[in-house]
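Protein chains: 2
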Amino acid sequence: MSSFMRTNKTDNYNFIEQNRFNHNAVVQPLLTDLYQITMAYAYWKSGKTDNVAVFDLFFRTNPFHGEFTIFAGLEECLKFLDNFRYSDSDMEYLKQTLDANIEDEFYEYLRNLTAKDITLYAIEEGSVAFPRVPIIKIEGPLIIAQLLETTLLTLVNYASLMATNSARYRMVAGKNIQLLEFGLRRAQGPDGGLSASKYAYIGGFDGTSNVLAGKLFNIPVKGTHAHAYITSFSGISDLKTRVLRHKQTGITGDLLETALKHRNNLSNVLDISTEESSEGELAAMVSFAIAFPDVFMALVDTYDVKRSGLLNFCAVALALNDLGYRAVGIRIDSGDLAYLSCLARETFETIAERFKIPWFNQLTIVASNDINEDTILSLNEQGHKIDCFGIGTHLVTCQRQPALGCVYKLVEINEQARIKLSQDVEKVTMPGSKNAYRLYSTDGHALIDLLQKVTESPPEVGQKVLCRHPFQESKRAYVIPSRVEPLYKVYWKDGRICQDLPTLEQVREKVQRSLKTVRNDHKRTLNPTPYKVAVSDDLYNFIHDLWLQNAPIGELS
Amino acid sequence: MSSFMRTNKTDNYNFIEQNRFNHNAVVQPLLTDLYQITMAYAYWKSGKTDNVAVFDLFFRTNPFHGEFTIFAGLEECLKFLDNFRYSDSDMEYLKQTLDANIEDEFYEYLRNLTAKDITLYAIEEGSVAFPRVPIIKIEGPLIIAQLLETTLLTLVNYASLMATNSARYRMVAGKNIQLLEFGLRRAQGPDGGLSASKYAYIGGFDGTSNVLAGKLFNIPVKGTHAHAYITSFSGISDLKTRVLRHKQTGITGDLLETALKHRNNLSNVLDISTEESSEGELAAMVSFAIAFPDVFMALVDTYDVKRSGLLNFCAVALALNDLGYRAVGIRIDSGDLAYLSCLARETFETIAERFKIPWFNQLTIVASNDINEDTILSLNEQGHKIDCFGIGTHLVTCQRQPALGCVYKLVEINEQARIKLSQDVEKVTMPGSKNAYRLYSTDGHALIDLLQKVTESPPEVGQKVLCRHPFQESKRAYVIPSRVEPLYKVYWKDGRICQDLPTLEQVREKVQRSLKTVRNDHKRTLNPTPYKVAVSDDLYNFIHDLWLQNAPIGELS
Chain A
1 MSSFMRTNKT DNYNFIEQNR FNHNAVVQPL LTDLYQITMA YAYWKSGKTD
51 NVAVFDLFFR TNPFHGEFTI FAGLEECLKF LDNFRYSDSD MEYLKQTLDA
101 NIEDEFYEYL RNLTAKDITL YAIEEGSVAF PRVPIIKIEG PLIIAQLLET
151 TLLTLVNYAS LMATNSARYR MVAGKNIQLL EFGLRRAQGP DGGLSASKYA
201 YIGGFDGTSN VLAGKLFNIP VKGTHAHAYI TSFSGISDLK TRVLRHKQTG
251 ITGDLLETAL KHRNNLSNVL DISTEESSEG ELAAMVSFAI AFPDVFMALV
301 DTYDVKRSGL LNFCAVALAL NDLGYRAVGI RIDSGDLAYL SCLARETFET
351 IAERFKIPWF NQLTIVASND INEDTILSLN EQGHKIDCFG IGTHLVTCQR
401 QPALGCVYKL VEINEQARIK LSQDVEKVTM PGSKNAYRLY STDGHALIDL
451 LQKVTESPPE VGQKVLCRHP FQESKRAYVI PSRVEPLYKV YWKDGRICQD
501 LPTLEQVREK VQRSLKTVRN DHKRTLNPTP YKVAVSDDLY NFIHDLWLQN
551 APIGELS
Chain B
1 MSSFMRTNKT DNYNFIEQNR FNHNAVVQPL LTDLYQITMA YAYWKSGKTD
51 NVAVFDLFFR TNPFHGEFTI FAGLEECLKF LDNFRYSDSD MEYLKQTLDA
101 NIEDEFYEYL RNLTAKDITL YAIEEGSVAF PRVPIIKIEG PLIIAQLLET
151 TLLTLVNYAS LMATNSARYR MVAGKNIQLL EFGLRRAQGP DGGLSASKYA
201 YIGGFDGTSN VLAGKLFNIP VKGTHAHAYI TSFSGISDLK TRVLRHKQTG
251 ITGDLLETAL KHRNNLSNVL DISTEESSEG ELAAMVSFAI AFPDVFMALV
301 DTYDVKRSGL LNFCAVALAL NDLGYRAVGI RIDSGDLAYL SCLARETFET
351 IAERFKIPWF NQLTIVASND INEDTILSLN EQGHKIDCFG IGTHLVTCQR
401 QPALGCVYKL VEINEQARIK LSQDVEKVTM PGSKNAYRLY STDGHALIDL
451 LQKVTESPPE VGQKVLCRHP FQESKRAYVI PSRVEPLYKV YWKDGRICQD
501 LPTLEQVREK VQRSLKTVRN DHKRTLNPTP YKVAVSDDLY NFIHDLWLQN
551 APIGELS
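If you're matching them up, the sequences are chains A and B in order.
With the numbering used here, letter number 173 in the first sequence gets 173, and the count goes up by one each step, no holes.
With the numbering used here, letter number 40 in the second sequence gets 40, and the count goes up by one each step, no holes.
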């Protein structure tokens, strides 16, 4: 399918690096909740500077009533660790802001603090992730590990939510539909818009309308014109230029005149009165075609798709054809998208046949009016001829669930496991430092994610592994994996990033590869089957022993 | 009411200016949709460089099923205009990205483009605004006016949505409740979080947990500790320091010992077994109190509010009292907030009376578990004793409606009015450059917003004004205003900001002042009365004449 307003994507210019700093200027140690800093002082004051902690970053429920989540945001987290250092003005601000009794030595301590003693384990960015399996594990001195919490959550939550949302759009749209992110104006401000564009691309969108995102992240950018362009022309007299050189011969032709001629002719073929169609719209389209003869795409719903927009577009496209150019397509931004897209396709087919212009049938139909996952599902059911969706508000705000609830929980301190109990059993944390494995079946599908104590040996291919529900004693099963994937890699240790980080493209491909390993019944929109997350027998017993030790006296627990 | 972890807010340090640039690094001309730039080229190519346009920026519906909106984001828009200039790397990126046929002269034109020929009218930032009354009006050369669209929408949409959302929380909470924004970790990334903090403050919140927002915008920052702090202590043996000097005498006391003594005593008074309460929690609270004896506030729900948290807190607070300090209060982050807050208040009252410590009754109770507007309404109905809400996810994501639908419509070009028709009458635009007035009753309430053609004389105090529904002929009424407020001021003209801009504090005060002029029935949560927006008789006739001229032939319009 042809892409509209195709951009010349180059791989090697250096805008990305050049601009990265600006974009990340706000990702700094003060981008955190105040209580992290007050806790840091209290830890420091109570002599816990050398305590070593393990924190798990995980979510408890998949978003959008789904049964999977795409993990994203890891690279940003690593850059944050790499840059973690309080500036002089940070120190000055904190001294003026925090309780006046805080000791100066603490500020000295903060001034020298970096993330060099932290080890960060994570699953691969772009992987499918499931509830309660930590996606990031932080080990290191309690104070610095605690100070990372809010920023890591901020960087992971929205990134993963957007990547998941876009991946879901991609699934319902199917792989042959082009998906474009059009959400900048409805995002949470400028940087919200940039994050949306980036993670929509990772999740499976093909491009964005956001030019700065294109520049910063090397994402394809797309777009044609708005209704304002059409309404800025009230008639043919507004048209200052009407000529265009033939693409091959270079001979000047009158595009307006040719378009008018085709319009009269088409009026009969399509049974649409030229009187009903807008002259301003025709003038606007002619002018736009003169500006972009090679990539002409027009918005056809400013006045009336059926009575005006389609007729004018086809007239201009035929005129372009006479001058050796191929139009790209139309965009429909209102009305009944199923009906109008079928009408447009039918019109293109009629013209292709009548005028012997086979490519006319291949014109791209873009739709872009308040589209969400359900709209696409409904359009699929009704039948439609749309090639490309432009999606804004619902995509970037993640309307169905505008926040992913990642949490960051202390699970071990000085090699002692910690458990956070809760009356809500789903909120009980998995104590201790853990490893996570994904076990696969012979057909390559993921069977189960298994959490183990770090001291246990990994599950082995072909050997049966006892997988237990973390809280329900009776729920357990033996699994014989055909493949065992250790989910964690060390990404940050000894003050540096210790993996080659994938490019945005590679993360984007990882998403699709990872989704392929997930069975369809886990991925479907309606009543998906929950994917199983289990604990080893050792970890099960460990959890429940610790639970018992910590259970309050006098209450049935 | 006492504020917890009070920050020393200073008015005159220069972090704000120092940091502003970083925060706004992404608000640049490329932060736009690609189609603005392709349209710019097509306008340029078709000789429309000198066309003068008027665009209206407005919304069609109030968010959150309400009947008012707070306008915010104006200052950011003005800074954007002030900085509007394509950089060399922008030009390089555009040349590589846009259609290869674009003429070099266009890039020259872009390179020299600034917003100096634009005039920006707006209503005051922080004002109440209503559907279809433009909140910003842009006049100037078509191309540059068009190029501003997406960025202005991005800057206004989320800012106004957040300010409106926070103002609604403020209304349901009442003016005596402290409201804190805790949403950074659930916002749309780093900058989404910063915008949330800023506009929550403008809308009526008292502070934020976001330290960087505090530093950048001089907003009070608040916070104590998380559950992790409590769980990092497993018992009294974890407590390295237990002594604290008396606030007045300076004599060292053993805070732990005193707290343990009080705990035993309280155990009888409150009828809670000390065996049921957590020693780790007690140790954590003692250590926190030693770090922050003047501003001690503790999270009491890590194990069990009733059986553990309250007992431990009160014991530590009484021990602090013995050493001359006053505790600040507690935070409850789970469970039945109505019940637990009443239980806590009752406990504080009992202790105040029993131990003759009147201020104990004044301890602050903060609640912070997944709170939204409805939760507060329900708590109000049930009765609660909460002094302060910490609100995160629902506030910053504006869950009930995560986007405000501001649009930017061409209403005039070269002094010719433009109308955008639509089958949906609500989407028909108000053509031409307009003035807007707010008419007030004798009791100071806003009666109606009136749109007029710019050529009309303003409505006069004491004179009857014919106010018409823009689309329904029969709906009209005479209004005799006691006060007439012209809604627009010129904020940007001749390349500079031409009003003294209010501080954040002043905008925040404006919100409350402006809301006071709105009748309660427009502001109530349940079935609010729509506020009336009218057009003058002249404008009514003008709209409908133009509509008729533009109506398609052959259709009943």
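No lab work stands behind these hints: they were computed from the structure.
Each hint should be verified, as a subset may be incorrect.
A pair counts as met if it fits within one copy or between any two copies, since identical chains are not told apart.
Restricting the straight-line Cα-Cα distance to at most 25 Å, the calculated cross-link-like pairs of lysine-lysine (PhoX-like) are [to be verified]: (1) K453 - K420; (2) K240 - K356; (3) K356 - K79; (4) K420 - K510; (5) K306 - K493; (6) K306 - K420; (7) K510 - K532; (8) K261 - K45; (9) K306 - K427; (10) K489 - K453; (11) K261 - K79; (12) K356 - K464; (13) K45 - K464; (14) K45 - K247; (15) K45 - K475; (16) K45 - K427; (17) K420 - K95; (18) K420 - K532; (19) K510 - K489; (20) K95 - K306; (21) K240 - K420.
Task: List of violated hint numbers, smallest to largest - done: Those not satisfied are hints 2, 3, 4, 5, 11, 12, 13, 15, 16, 17, 20.
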